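Model the full assembly from the supplied sequences, consistent with the hints where possible.
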Amino acid sequence: MGIAAQLIINGIIAGGIYALVALGYTMVYGILRFINFAHGEVFMLGAYLGWVFNILLGVNVIVAGVLAMLGCAVAGFVIDKIAYKPLRGRGMLPPLITAIGISLFLQALAILIFGAQIRTFRTGEVVRGITIPFIDAIITKIQIVIIIVSVALMVALHFYIKYTKTGKAMRAVADNYEVASIVGINPNKVISYVFIIGSALAAAGGILVGMEQNLTPTMGVSIGIKSFTAAVVGGIGNIYGAVLGGFMIGLIENIGIWFIPSGYKDAIAFAVLLFFLLFKPTGIFGVKKGEEVSV
Amino acid sequence: MKNYMILMSILLITILVVGCAPTEMQPAGEETKEPIKIGFIGPLTGDVAPYGEGWRDGALLAVEEINTAGGINGRMLELVPEDGLCKPKDATNAAQKLIEIDKVQAIVGGFCSSETLAVAPIAEEAKVVLMSPGSTNADITESGDYIFRACPSDALQGEIMAIYMYDEGYREVAIMYANSDYNLGLRNVFSKKFTELGGEIVVEQNYEQDAKDMRTQITKIKDAAPEALYLVPYPADGTIILVQMKELDVDLPVFAPESMCVDKVLVDSGEAAEGMVVSTPTFDEAAPKTAEFLQKFNDRFGYKPELTSYSANAYDVVYLFADAMKQGHITGTEIKDYLYTVTDYTGAGGKLTIDENGDAIKELILMRVENGEFVDLE
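Here the protein sequences come in this chain order: A and X. Taken in order, the first sequence gives residues 3 to 297; the numbers are from the numbering used here. Taken in order, the second sequence gives residues 678 to 1055; the numbers are from the numbering used here.
Hints may contain errors.
What the hints assert, rightly or not - Only part of the chain A face toward chain X is listed, based on derived beta-carbon distances under 7 Å:
#1 I5
#2 Q8
#3 I120
#4 R130
#5 G131
#6 I140
#7 Q215
#8 T220
#9 N256
Unchecked claim - Calculated cross-link-like contacts (lysine to aspartate or glutamate; reagent style EDC-like; alpha-carbon spacing at most 16 Å):
#10 X:K966 - X:E742
#11 X:K774 - X:E802
#12 X:K1039 - X:D961
#13 X:K941 - A:E127
#14 A:K143 - X:D926
#15 X:K1003 - X:E755
What the hints assert, rightly or not - Here are some of the chain A residues that sit facing chain X, going by a computed Cβ distance under 7 Å:
#16 N12
#17 A16
#18 I113
#19 A118
#20 Q119
#21 T122
#22 E127
#23 V128
#24 T142
#25 T218
#26 I259
#27 S264
#28 G265
#29 D268
Read the hints as simulated data drawn from the structure, not as lab findings. The structure presented is a predicted model; accordingly, all values stated were derived computationally and were not measured. Note that beta-carbon positions come from the ideal geometry of N, C-alpha and C, so glycine has one too.
In C-alpha cells:
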C-alpha cells in the first residue's frame, strides 16, 4: 500500500503544477489559436520574482507570492502588447516563431540578471516529510501547500470564467472571435485579461516549484513542454481539459516509471502526447471545430 | 522600391566599412600581430553553468596574465568562449564554430564528459588539440591523439569507491545516476568493480540531467532496501536528490564522486549531505601556486570558483598551450607533440604529468561531510 500511495501522491504533486501551467497554454490557444511557447519562461520569471521578494528583500512568503503573480501578470500583458498584438491576423506561424524568440529572450534575460547560479528558497535545515496515516505515504509541508494552492487557484478560475462578465466575454471570444466583436465585446481587452490571468497562474506554479526544488534560468523549459502536453491531452482550448491533462500526465509519469526504467520518465509524457495526437488529436474534452481541425 | 534602396545603401555602407577596416588596423610594412585564438568549450548556460563560469574565468585569467606579460613572442592571446551546455549537440556546434570560423589550433574543454566525447572526433579530424580540464569519463582515454585532459580518468575513481564501500562492509547497494556520459561512465566502472568484488547492485535508477523531481526514483530505491547508495549526479540534481531523500525519510549512507565535492551542495542541501563520502582528485589549496591562483582569481573576479580544482586546471591548460606556442609550436600537431612531453608540471591544479594516452596522472582521495564541511578520510 505504501508504495502505491506514495507514487500517487508524487503524481498529484507534479500534476498540480502541470495543470496550473497548462491553463495558460490552453486559455491563450482557446482564443488566439496559437501556442504561446514563452509561457514556460513566464513560469520561470514567477519563480525568480518570488525569490527576489522573499529571499533578497525579506518579504513574507505569501506576500512575495502575490507580488510575483502581479509582476508576471504585468509581464504577460506587456509581452502580448509588444510581441503578439502587432502580429494578430497574420496567421498562426508568425506569433509562434515570435513566442519562441520571446522564450529565448526571457531565458537570456534571467541569466543576465540572476546569473546561471542555482538559487534556492531553502534557508535552513531540511525536514523529514509527514507520514499520512493509514496510507503510509510521506508528504512535505510545501507539497501540501502545492496541492492546496493549485487546486484553490483552479477553482477560483472556474468561478471567474463561469460567472464574471470578463469571464463570459472570454468564453464568447473563444467561441467565435468575429461574432463576439460584433456584439460589442472588445477582443483585445479580453486577450489582455487572458494573458494576465494565465501568466499569474504560471507564476504561482513557478514559486511553488521554486520553493520545493530550486531555481535555474532554464527551469521553465521542461515544465513548459510537459504542461503543453497536458493541455493537448486534455483538449487544447478547454480549461477543464488542461486540469485533467495536468494531473493525468503527472500520475502516468510517476506510476509509469515504477514499471519501466526511470530514465524514460520524460519519454512517457511524450509517448502519451504522441498517442493522443495520433488517435485523439482533439484531446479528451476537445470539440472538433473548423479551425482546430486545420491545426 | 524605397525599402530596396535602403537595403542597398546599408549593404554598400557595410561593404565600405568592412573593406576599409583591415588597412586601418594593419600598419603597412609590419608583420601580422593578430591575436592567437584559443577556443573554450564548457557549459555557460543550463544547470551546470554555475561551474562552467568558474572554469571559463580560470582560463580567462591565464590569458590575461600571459597578455600582460607580453603575450606569445609579441602576439596577444585571445580566448574565444563557446557554450557547450553540457550536451553533445551543443558542444559539437561550438567546436565546429571554433575550428571552422575562428580557426583555433587548441581548445580548452569540454568540461562535461558528454561535451568532450562529442567534440573529440571533430578535433581529431581537424588536427586541433582538445584538452579538457575536467572530463573524467574513462572512454576519453582512447578517443584520439589530439585529445588530452588535465584530470585523471574515472576508471580509477569508480574503482576506488567500489573497493572502499566493499571494505566498509556494504554488499547490497543502489546506484542512482544522471543520463549523461560522465555519470554513465562512473556507473559502469563502479558497478563492474563492485560486482567483481562480490557485491550486488540491487537497484539502479537514472534520470534526465535537468530533472528536478526524483521522488519516484527515490521511492523505488527505498522499496529495494539497499544498504548504501552510490550517487553519480551533477551538483544541482545531486542536491535535490539529497533533499528529497531526507524528505521521503530514506536514510541511506551516500557515496559520490567529485561532482558532489562542492561547497554549494552542502549549503543548499542543509543537513541532508551530512555523512556523505566523496572521492576527488587531490587538490591542495595551500600549495604555493594554487594559493596564488586563488588569490589572483578572487582579485580579478571577486568570487571563489566551485569545483575549484577544475578551474585551476583550466588555468594550467592555457599556460601549457602558451608554453608550447612560445617555443614556436603554433599548429595543432606541434602543440600535441609538445603536450606529450609534459612531465611534473607544477601548476595551479597541482603536479601534472601527461601519460601516453593524453591523460593526467593524479592521486585520488576520499572525503566525508562532517558538520557541514568536507574532511579528509584516513
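Now the hints, each set against the structure:
At its closest, the beta carbon of A:I5 sits 5 Å from a beta carbon of chain X; the interface hint therefore holds under the 7 Å criterion. Given hint, A:Q8 at the interface with chain X, holds; its Cβ is 5 Å from that chain's nearest Cβ, closer than 7 Å. Because the beta carbon of A:I120 sits about 5 Å from the nearest beta carbon in chain X, less than 7 Å, this interface hint is met. At its closest, the beta carbon of A:R130 sits 5 Å from a beta carbon of chain X; the interface hint therefore holds under the 7 Å criterion.
With its C-beta approaching chain X no nearer than about 5 Å, A:G131 sits inside the 7 Å limit, and its interface hint holds. Given the 7 Å rule on beta carbons, the hint for A:I140 holds: about 5 Å separates it from the nearest Cβ of chain X. Satisfaction of the interface hint for A:Q215 is found here, the shortest Cβ-Cβ separation to chain X being roughly 4 Å, below the 7 Å cut-off. A least Cβ separation of about 6 Å between A:T220 and chain X falls short of the 7 Å threshold, and the interface hint therefore holds.
Evaluation of the A:N256 hint against chain X yields a held restraint, the C-beta minimum of about 5 Å falling below 7 Å. At most 16 Å may separate the alpha-carbon atoms for a hinted pair to count; X:K966 and X:E742 meet this at roughly 14 Å. Proposed proximity of X:K774 and X:E802 is supported: the alpha carbons are some 15 Å apart, at most 16 Å. Distance restraint check for X:K1039 and X:D961: the Cα-Cα separation of roughly 12 Å lies within the 16 Å cut-off, and the hinted pair is therefore satisfied.
A C-alpha spacing of about 14 Å is found between X:K941 and A:E127, which places the hinted pair at or below 16 Å, so the restraint holds. For the given pair, A:K143 sits about 14 Å from X:D926 by alpha-carbon distance, which is consistent with the 16 Å threshold. Distance hint between X:K1003 and X:E755 is fulfilled; the C-alpha atoms sit about 15 Å from each other, no more than 16 Å. Using the Cβ-Cβ criterion of 7 Å, the hint placing A:N12 at the interface with chain X is satisfied: the shortest such distance is roughly 4 Å.
The criterion of a C-beta within 7 Å of any C-beta in chain X is met by A:A16, whose closest approach is roughly 6 Å, and the hint holds. The criterion of a C-beta within 7 Å of any C-beta in chain X is met by A:I113, whose closest approach is roughly 6 Å, and the hint holds. Because the smallest distance between the Cβ of A:A118 and any Cβ of chain X comes to about 3 Å, under 7 Å, the interface hint for this residue holds. Evaluation of the A:Q119 hint against chain X yields a held restraint, the C-beta minimum of about 5 Å falling below 7 Å.
Against a cut-off of 7 Å between C-beta atoms, the interface hint on A:T122 holds, since the closest Cβ of chain X lies about 5 Å away. Hint status for A:E127: holds, given a least beta-carbon distance of 5 Å to chain X, under 7 Å. The restraint placing A:V128 at the interface with chain X holds, with a minimum CB-CB distance near 4 Å, inside the 7 Å limit. A cut of 7 Å between beta carbons decides the hint on A:T142: the least distance to chain X is about 5 Å, and the hint holds.
A cut of 7 Å between beta carbons decides the hint on A:T218: the least distance to chain X is about 6 Å, and the hint holds. Interface restraint check for A:I259: the shortest CB-CB distance to chain X comes to about 5 Å, inside 7 Å, so the restraint holds. Below 7 Å, beta-carbon pairs count as interface contacts, and A:S264 has one with chain X at about 5 Å; its hint therefore holds. Satisfaction of the interface hint for A:G265 is found here, the shortest Cβ-Cβ separation to chain X being roughly 4 Å, below the 7 Å cut-off.
For the restraint placing A:D268 at the interface with chain X, the shortest Cβ-Cβ distance is roughly 5 Å, inside the 7 Å limit, so the hint holds.
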